[in-house]
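Peer 1: Each chain is listed here by its residues.
Number of protein chains: 4
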Amino acid sequence: MSAIRVLFLGDVVGEPGRKAVIQQIPILKQEEGIDFVIVNGENSAGGRGITPKISIDLLRAGAAVVTTGDHVWDQQEIVSYFPTEPRLLRPINYPEGTPGNGSVILETSKGRVAVIQVQGRSFMQPPLENPFLAAEEEIERLRADGVRVIVLEIHAETTSEKIAMGRMVDGKVSLVVGTHTHVQTGDERIFPGGTGYLTDAGMCGPDESILGRSIESVVWRFKTAMPTRFPVAKGAVRLCGVIADIDVETGNCLEIRRLSLLLSNEDVAE
Amino acid sequence: MSAIRVLFLGDVVGEPGRKAVIQQIPILKQEEGIDFVIVNGENSAGGRGITPKISIDLLRAGAAVVTTGDHVWDQQEIVSYFPTEPRLLRPINYPEGTPGNGSVILETSKGRVAVIQVQGRSFMQPPLENPFLAAEEEIERLRADGVRVIVLEIHAETTSEKIAMGRMVDGKVSLVVGTHTHVQTGDERIFPGGTGYLTDAGMCGPDESILGRSIESVVWRFKTAMPTRFPVAKGAVRLCGVIADIDVETGNCLEIRRLSLLLSNEDVAE
Amino acid sequence: MSAIRVLFLGDVVGEPGRKAVIQQIPILKQEEGIDFVIVNGENSAGGRGITPKISIDLLRAGAAVVTTGDHVWDQQEIVSYFPTEPRLLRPINYPEGTPGNGSVILETSKGRVAVIQVQGRSFMQPPLENPFLAAEEEIERLRADGVRVIVLEIHAETTSEKIAMGRMVDGKVSLVVGTHTHVQTGDERIFPGGTGYLTDAGMCGPDESILGRSIESVVWRFKTAMPTRFPVAKGAVRLCGVIADIDVETGNCLEIRRLSLLLSNEDVAE
Amino acid sequence: MSAIRVLFLGDVVGEPGRKAVIQQIPILKQEEGIDFVIVNGENSAGGRGITPKISIDLLRAGAAVVTTGDHVWDQQEIVSYFPTEPRLLRPINYPEGTPGNGSVILETSKGRVAVIQVQGRSFMQPPLENPFLAAEEEIERLRADGVRVIVLEIHAETTSEKIAMGRMVDGKVSLVVGTHTHVQTGDERIFPGGTGYLTDAGMCGPDESILGRSIESVVWRFKTAMPTRFPVAKGAVRLCGVIADIDVETGNCLEIRRLSLLLSNEDVAE
Ligand SMILES: [Fe+2]
Ligand SMILES: [Fe+2]
Ligand SMILES: [Fe+2]
Ligand SMILES: [Fe+2]
Ligand SMILES: [Fe+2]
Ligand SMILES: [Fe+2]
Ligand SMILES: [Fe+2]
Ligand SMILES: [Fe+2]
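Protein chains in written order, with UniProt numbering: chain A, 1 to 270; chain B, 1 to 270; chain C, 1 to 270; chain D, 1 to 270.
Simulated from the structure, these hints should not be mistaken for lab results. A few of these clues could be false.
Any copy, or any two copies together, can satisfy a pair, since identical chains are not distinguished.
To be verified - List time: in silico DSS-like cross-link candidates among lysine-lysine, alpha-carbon distance up to 27 Å: (1) Lys223 - Lys172; (2) Lys29 - Lys223; (3) Lys223 - Lys234; (4) Lys172 - Lys234; (5) Lys110 - Lys29; (6) Lys53 - Lys172; (7) Lys223 - Lys19; (8) Lys29 - Lys53; (9) Lys19 - Lys172; (10) Lys223 - Lys110; (11) Lys19 - Lys29; (12) Lys53 - Lys19; (13) Lys234 - Lys110; (14) Lys53 - Lys223.
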């Protein structure tokens with residue numbers, strides 16, 4: 001039985017987050033024996049969106065696929081970049097004709113790996129098409145094509161929508177990872193049908209922060225209801241994600257464990 | 001230095017959840033050396049609200065305080081019961097004149113312990129008064145009264161509102177625990193000021209479920225957008241919560257660890 | 001040039017609303033020379049949903065089409081009734097496979113008339129598929145089929161979504177009427193392309209009320225944030241709607257005027 | 001019996017809206033015999049917020065009071081301007097300590113007139129304190145002070161919250177006018193207790209538009225879910241508002257009528 005080891009890194013926040021991720025991907029690949037890396041980059045450009053340059057940097061650093069989310073279009077230049085880079089994903093449940101794709105199949109030395117990103121609708125903007133129907137359709141298409149190692153990212157706010165997605169596709173995909181809340185959940189498990197699952201991967205960004213942003217700014221906002229800027233916080237970065245071993249024949253998840261790595265500032269310095 | 005050990009159990013769901021909690025509280029108290037137990041009971045009555053009888057059962061089983069949340073009024077008989085039981089809390093940020101209280105001080109053999117519950121406003125219904133101002137005011141009142149061991153529960157949807165609450169009161173309360181999402185987060189820590197923190201305690205309810213409810217019903221709802229009932233799921237129950245050691249002199253959190261206990265069906269049988 | 005006169009009556013609330021509507025439809029048809037009546041019945045059953053019996057009563061009274069909205073499934077028995085009655089509509093932007101239809105073509109003495117209902121997504125539950133794409137597709141289908149007299153109902157909360165819908169289809173349908181807020185707007189007009197438009201038709205229900213419900217109950221809810229029942233109000237009923245003259249050849253709206261008719265209690269008595 | 005005639009103009013949108021309002025206020029005062037003018041200026045600066053200069057211009061043109069809403073802080077310079085201009089209002093239900101005020105009493109030749117602005121919470125951001133309790137408290141304060149002519153603006157999304165506000169204060173204030181949806185409603189009336197009421201005043205801005213913004217941009221947004229700018233539309237401006245005659249002794253509304261005035265481009269040219 002041959003297995004492929006997948007690392008999924010949660011929402012990368014700002015310069016501190018992306019510096020740390022770019023530096024750590026090669027180290028993690030080697031130390032942990034990672035075969036395939038997926039990174040959510042929706043907050044990698046100053047906390048809002050992603051630029052073509054950052055996408056290139058993440059891919060060069062060793063990410064196989066970069067995903068996004070509700071912040072996908074925050075940097076305007078990314079819109080025209082999407083058609084040029086199939087390894088950059090936006091949620092699949094946008095209407096037909098939207099720039100970019102929501103899924104990709106990549107050849108690896110251990111066979112084909114597919115990644116799908118879908119966005120939830122509970123308390124999420126903008127309203128998109130039904131993520132459950134979109135995911136089901138795309139998974140059927142991939143499986144009919146013979147792909148067995150399938151990672152599905154559900155970018156969503158509520159636990160109910162994320163767990164429902166994971167349960168619906170149990171036995172049909174290898175791994176379901178949630179993103180968007182920036183807080184790692186502790187519920188990693190393998191569902192009865194063989195699908196690995198974690199409600200939220202957490203974030204890659206400053207640890208002394210609120211979702212990667214300066215603590216004072218966010219607290220002040222909640223206390224006063226006044227508008228404010230939310231600068232990306234400073235200080236030590238925590239990398240959060242999940243590592244899953246997947247059987248390349250069956251596509252079943254064999255093992256899933258969380259990664260939560262606090263890097264000292266020296267770790268990330270040049 | 002004397003410490004008090006607090007156990008906080010997350011949202012108890014339905015009969016399976018409350019049976020397990022009632023049976024396990026005495027065992028956990030003894031095995032873990034727990035001094036003080038807080039239980040969120042907002043879903044203990046068939047998943048919706050809490051009845052006077054269930055509140056009494058939880059208190060008799062050894063809970064010192066029972067809290068609620070956005071489902072507090074789901075069972076109509078609880079409204080008139082509130083004024084008779086100060087150990088049953090509803091969110092403190094309801095308008096003046098609302099039945100019940102949002103905080104309580106209890107005498108224990110290790111000194112006074114206060115519990116406050118506050119409800120968030122991001123994506124929460126109904127809209128309540130500013131939870132940050134309400135929490136700050138109540139904490140000041142308690143501290144002016146000399147209370148040092150203070151547990152604050154933030155019942156809220158978003159991670160940003162929960163973390164902001166925890167960060168705002170860092171150094172002023174002993175422990176901040178989030179509830180409502182029914183999924184335990186993995187971010188337990190002690191903030192720089194000495195406050196223990198966990199974004200969500202998770203739930204006490206059926207493990208093979210979506211937030212305690214039947215998997216099929218919730219998946220069907222998301223796929224079809226059709227109304228449905230969400231029966232409480234069956235099968236083995238998982239108890240989720242947090243255990244914190246608190247310095248009774250300073251009120252600082254000395255240690256915080258998560259509890260996630262999967263009980264076999266035999267564990268809960270009579 | 002031959003014209004057809006259409007009457008659209010807004011959300012019928014409870015027994016008072018439906019009694020008044022059933023009694024007034026024949027009178028209005030005669031007095032106003034109405035050819036075709038559409039009634040929104042989503043609140044006709046005690047304020048929540050519609051039953052098969054009420055649907056039959058409204059059709060027998062002279063409605064050609066009965067529409068619904070976000071309350072469509074509130075009465076469970078309506079689900080299985082839908083496939084039996086093509087003149088009862090639910091929003092068209094539900095997923096494929098949903099019981100019922102979102103549009104209908106009827107033969108009249110003045111030619112074919114189509115009615116489409118679509119539901120908005122801004123602040124509306126449940127989340128449905130893109131109403132703009134769904135409306136555009138259905139209108140194309142109808143026009144390709146040669147239908148020219150097309151009434152489109154947009155059941156939505158926000159003015160922006162309703163006006164955007166009306167503007168998008170200007171020149172392609174005869175009349176766009178909004179529903180759901182229960183308050184008639186004063187912005188009736190004919191758009192440059194020939195489409196008649198009104199943001200909200202208003203409601204058919206008790207005039208001394210809040211959206212047809214008892215004033216005290218709704219005010220109390222907003223003041224206290226406590227749960228309450230919202231009984232349908234009593235007293236004189238106001239019928240709100242819109243009357244449009246449509247050119248049967250071009251499908252253009254020739255004239256549009258609002259109807260807001262306060263009935264004394266005697267008007268509705270037997 | 002002496003009466004005062006009040007004109008309330010709804011949300012002024014961008015340069016077209018404010019040019020038209022500034023030019024028309026003196027004309028309307030004279031032609032309609034208006035004693036007191038209130039203007040909602042929350043969208044007067046390019047559609048987003050208001051600047052000190054625009055506030056001054058509106059007051060110089062003859063507005064007695066300028067109100068705002070959820071867009072109040074969109075232009076940063078307005079924050080520090082608020083304490084210098086009591087005739088500029090922000091919603092009263094912000095927390096204590098917020099810059100500016102939510103109500104003002106002005107001396108006129110016909111006696112004192114008070115204006116209060118309150119913001120709703122249903123589907124409104126940011127979450128503010130209970131508008132019903134805030135309004136009730138302020139009205140009591142004003143009435144205890146002997147003020148009888150009181151205009152209350154409710155800036156809110158839903159019809160239920162606006163009507164509930166109007167009904168709650170019936171008999172205690174002279175006039176309740178809703179704003180925020182930018183579409184005038186047709187439900188002007190005098191409630192049984194003597195309070196004049198209109199659910200929404202409508203907007204003062206370009207008529208061929210969606211809430212004052214370019215039609216194409218808003219339609220494109222709804223169809224594609226892609227981000228876009230929403231430029232203020234061009235062309236003829238419509239002024240929307242309400243005119244109410246108020247008994248200065250009792251504070252009762254004697255008459256209420258809507259204003260919806262389409263200005264040709266020449267009307268507004270210099
Ligand atoms: Fe996100
Ligand atoms: Fe994110
Ligand atoms: Fe809850
Ligand atoms: Fe709960
Ligand atoms: Fe509705
Ligand atoms: Fe309705
Ligand atoms: Fe507004
Ligand atoms: Fe506005």
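Peer 1: A separate judgement is required for each hint: does it hold in the structure or not?
Peer 2: For each hint, the structure was consulted:
| no. | hint | in the structure |
| --- | --- | --- |
| 1 | Lys223 - Lys172 | between (45 Å within a copy, 17 Å between copies) |
| 2 | Lys29 - Lys223 | neither (43 Å within a copy, 37 Å between copies) |
| 3 | Lys223 - Lys234 | within (22 Å within a copy, 39 Å between copies) |
| 4 | Lys172 - Lys234 | between (41 Å within a copy, 24 Å between copies) |
| 5 | Lys110 - Lys29 | within (15 Å within a copy, 50 Å between copies) |
| 6 | Lys53 - Lys172 | neither (34 Å within a copy, 44 Å between copies) |
| 7 | Lys223 - Lys19 | neither (32 Å within a copy, 37 Å between copies) |
| 8 | Lys29 - Lys53 | within (22 Å within a copy, 55 Å between copies) |
| 9 | Lys19 - Lys172 | neither (35 Å within a copy, 35 Å between copies) |
| 10 | Lys223 - Lys110 | neither (52 Å within a copy, 34 Å between copies) |
| 11 | Lys19 - Lys29 | within (16 Å within a copy, 46 Å between copies) |
| 12 | Lys53 - Lys19 | within (13 Å within a copy, 44 Å between copies) |
| 13 | Lys234 - Lys110 | neither (39 Å within a copy, 40 Å between copies) |
| 14 | Lys53 - Lys223 | neither (37 Å within a copy, 29 Å between copies) |
In summary, the numbered hints that this structure violates are 2, 6, 7, 9, 10, 13 and 14.
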